[in-house]
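Trainee: Can you make the complete structure from the sequences, with help from the hints?
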Amino acid sequence: MIERFLGWLGETPWSVALLESLYAWPLVESTHVLALGLFVGTTAMMDLRLVGIAFRKVPVTAFTGRLLPWTRIGFAIMTVTGLLLFYSQPLRYYHNVFFRVKVVVLILAGINAAVFHVGAHRNALEWDHDTRPPRGARIAGAVSLSAWAVVVITGRLIAYNWFDCDIQPQPGWVNWLAGCAAVLDGTE
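The numbering used here applies: residue 27 is where the sequence shown begins, and numbers increase by one.
Be a bit skeptical, because a hint or two may be false.
Unchecked claim - Okay, derived cross-link-like pairs now, EDC-like style, lysine to aspartate or glutamate, Cα gap no bigger than 16 Å in a straight line:
#1 Lys83 with Glu152
#2 Lys83 with Asp154
#3 Lys83 with Asp156
Hints were generated in silico from the structure; no laboratory data involved. Predicted model, so just to flag it, every value in this text is computed and none were measured.
Mentor: Encoded structure:
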C-alpha cells in the first residue's frame, strides 16, 4: 500500500521534473545542505552550552534568545527542502537503510528537544548563569549532539546505493531493514 503510493508519487510530473531538472534538483539539494549547516551549527553551539563544554560564561537565555531564531529558520528551510528531495525519489528513499535510520533519529531528536523545552528549559532563569547546567539540560544537550551527528552522517550516506533494493542478492537482514520487495515477496 505504502509502496504503491510512493511509486505513484515518484511518477507524478512534478516529481519527475524535479529529479530530472538540470537546475532545480541541485539547487534544492544545495539549499538543504546549507540550511542543515545553519541548523546543526546553531544547535551544536546551544548544545555545547547545555553540556557545559563551551560558552560557559554566556547566560543560557541570552544564548538561546539569539540563536533560536536562526535555528528555526534553518529548520524550516531544511524541512521543506528535505521533503522536496524525498518527493523527487520517494520509493528509493523509502527503501534506503540510511534514510530509515535518519528518520528514526530525527524523530528521537525532536522528542528530545520537546522534552527539554517543556522540562529543563522552562526553569532556565534559575540556572541561567550556571557554568554547569542541571543534569536534565546536560543530558538533552548530549543526546542532541549525538542525534544530529547521526542525522548528518546517515544523510550523507543516503547518496550511496550500497543497500538499494535493486542491487541483489543482498543479505536477508539488509533486505528486511530496507523493506525490499524481495523480502516481502519471499523471492530473495
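Trainee: Confirm or reject each hint.
Mentor: Status of the hints after comparison with the structure:
The straight-line distance between the Cα atoms of lysine 83 and glutamate 152 is roughly 15 Å, inside the 16 Å bound, and the hint therefore holds. With a C-alpha separation of about 10 Å, the suggested pair lysine 83 and aspartate 154 falls inside the 16 Å cut-off, and the hint holds. Of the supplied pair hints, the one linking lysine 83 and aspartate 156 holds, its CA atoms being roughly 8 Å apart against a limit of 16 Å.
No hint from the list above goes unmet by this structure.
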